[in-house]
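Q: Below, each chain spelled out in residue letters.
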Amino acid sequence: MSEVIVITSGKGGVGKTTTSANLGAALASLGKSVVLIDADIGLRNLDVVMGLENRIVYHLVDVVEGYCRLNQALIKDKRFDNLCLLPAAQTKDKTAVTPDQMRQLCKELKAEFDFVLVDSPAGIEQGFKNAIAGADTAIIVATPEVSSVRDADRIIGLLEAESMPPPRLICNRIRPAMVRRGDMLGISDILDILAIELLGVVPDDESIVVSTNRGEPAALSQGSRAGVAFRNIARRVLGEDVPFMNLDETNGFLGRLKRMFGSTR
Amino acid sequence: MLELIQRLFLREGSASKDVAKERLRMVLVHDRATVAPHVWEALKVDLIRVISRYLDIDEASMDVQLQTEKDAVALVASIPVRRVKRGPLPGGGEALGPGVGAAP
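So the sequence lines, in the order shown, correspond to chains A and B. Position 60 (the first sequence) corresponds to 60 in our numbering; numbering is contiguous. Position 65 (the second sequence) corresponds to 65 in our numbering; numbering is contiguous.
Same shape as in the complex, but just chain B (with noise of 0.2 angstroms):
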């Protein structure tokens, strides 16, 4: 009883949990996000390795990171291109197996 005239008379706008959880939600999307030293390398050498396969790249210009948008996270990569690779592809012209994604 005594809840219901305090919702009707005090509360306004959504209840304070909620604002709480919405705001933990953003927040942690952000911590989430952050990825050890030692992974991220071992994620740019193997981004290098595949695209090289395909394309001539400058490495020393290349850019990847992490963009926390709003409340989502997106894999950022800005890879300068020299030129396009011709003619087969290295190792007999087969797609990458599956071991592609070990790391080093």
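Extracted from the complex, chain A is given alone in its bound form (with noise of 0.2 angstroms):
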């Protein structure tokens, strides 16, 4: 059975491209087929996190006006055969797309696929609309900071009111140093105010500005915590119960003696 899935925010600059770069490629890493709609029409920006700016011929608004065939506009990725973007135009605006427009291309790719995923833009006018038009459920981003948070309840409100199923959140850049010295909200903060259901949790971590650099999502390199993170939420979008991952591991000897002397993190 195939899904559509928006990864919506409200809020600009939280992780939403990241995170559909990521839970796009751990998805297809676990066999799955997968295509991810860059749906932020003038601010492309999936195509360099997931390294395939190079490869580009064609856009989302040439398949719509009709310029070319859908399958020529997707791109294959580097890694998996069964990994598709679908980029974004850079020279037009939100307006160039309808909704109508996006719930046909949607239900086309939702033929072929096992997994579309949306990479919404910021904000909750046009374009936003257009991403959520084509999706059967929806996937909030949210950092552990007040406008954020905010922004995610304007959200909510709004997929609600447009008869979407509950959205499930990720909550991305938890520093547990900071949780732990109460001065960052904590995930059970964030859930008692937005009350939705946790689908993951993603450390602030370095390797997904290093990731994001080389233009390989950190969901498959081994070594990244915030890549683990990815890993499970991709197995949870699937069905499986994984456990939430020990945002402490940190606390043994090493990792104290680590943050006494690097304590910013």
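Just to be clear, a hint being listed does not mean it is correct.
As the list claims (entries may be wrong) - Only pairs whose alpha carbons sit at most 20 angstroms apart, straight line, appear in this in silico DMTMM-like list of lysine to aspartate or glutamate:
1. A:Lys11 to B:Glu41
2. B:Lys21 to A:Asp183
3. A:Lys11 to A:Asp241
Stated by the list, open to error - To spell it out: a stretch of chain A is covered by chain B in this simulated footprint if at least three of its residues, at any positions, have a beta carbon under 8 angstroms from a beta carbon of chain B; those stretches are:
4. 92–104
5. 147–161
What the hints assert, rightly or not - Chain B is nowhere near these chain A residues, computed Cβ spacing over 12 angstroms in every case:
6. Thr137
7. Met164
8. Asp192
9. Leu199
10. Phe244
Derived from the structure by calculation, the hints contain no laboratory data. Glycine included, C-beta positions come from ideal geometry on N, C-alpha and C.
Dock chain one against chain two, each of which comes alone in its own frame, and use the hints as you go.
A: Okay, here's the thing in structure tokens:
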């Protein structure tokens, strides 16, 4: 059974694109066929995060305007044959596509892939409405900040108004040491406020910056803690019951030393 | 250990995440108190219909709004009454059934 999942947040810069790329790569590594749609028309980014920016010929707007066939615009991933990207247009804006066209597009892709992941733009205007139009379910990405959680709450309300099923939450960029000190909203605080199901917790991890620099999703590198978190999320999306990561793993003697000397993290 | 020292020497007042959570709570009380215009109109129509059974009201100068206090939301209605209706209630004097709340 195929599924169209939109990854959204309201607020910009919380990790929607990183989450889309990593969830896509992780699902593909688990053997599922996946297509990623970059719905951020005018601000295309998923291609660079995936390291596929040099392969783009056609884009989403070309497809909906009939300049090319859908299959011509799909870019195959370097690492997985079962992972594709439908890039956004860089020169158009959000109004170049309508919700009806997105619905049709998602329907066609759903027939060919196990998962269609839609990377939503920030905001709640047309771009957001396009992104959610064809989606069966939504994943909300939020960071432990007042502004992000507030926007997430607004998005939950908007999805409800569109009669979508309750979204699931990914808490991104958690810094366990700060949570322990009481200087960062913890998972329980955020869940208290938003009252939605938790899908995953991703620690703030420098390896994300490194992997984005290289255009290789962190979910594919073994040493990355954020990568492990994204692989766990992918397994939960597949219905597996995976326990949430213990974020206090650095509690050993070494970890404590590390925190004492470089105690910013 | 380090945390303990930090807590002893650096901490003043409550942890900042408690401040964040409290501020979020407040801001969401306000955010969530917005009602879609069509829902709001339906509510007003229903209110007028029910109250008009008992009171002759001045619909034009009626004012209904949601007021958010510090941490609560209230529906505040100011409805000028022209006169109290007398005599038997319309519809044979029965109280309105459960269908009253339905939007037109």
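Q: Can you list which hints this structure breaks, lowest number first?
A: Of the numbered hints, 1, 3, 4 and 8 do not hold.
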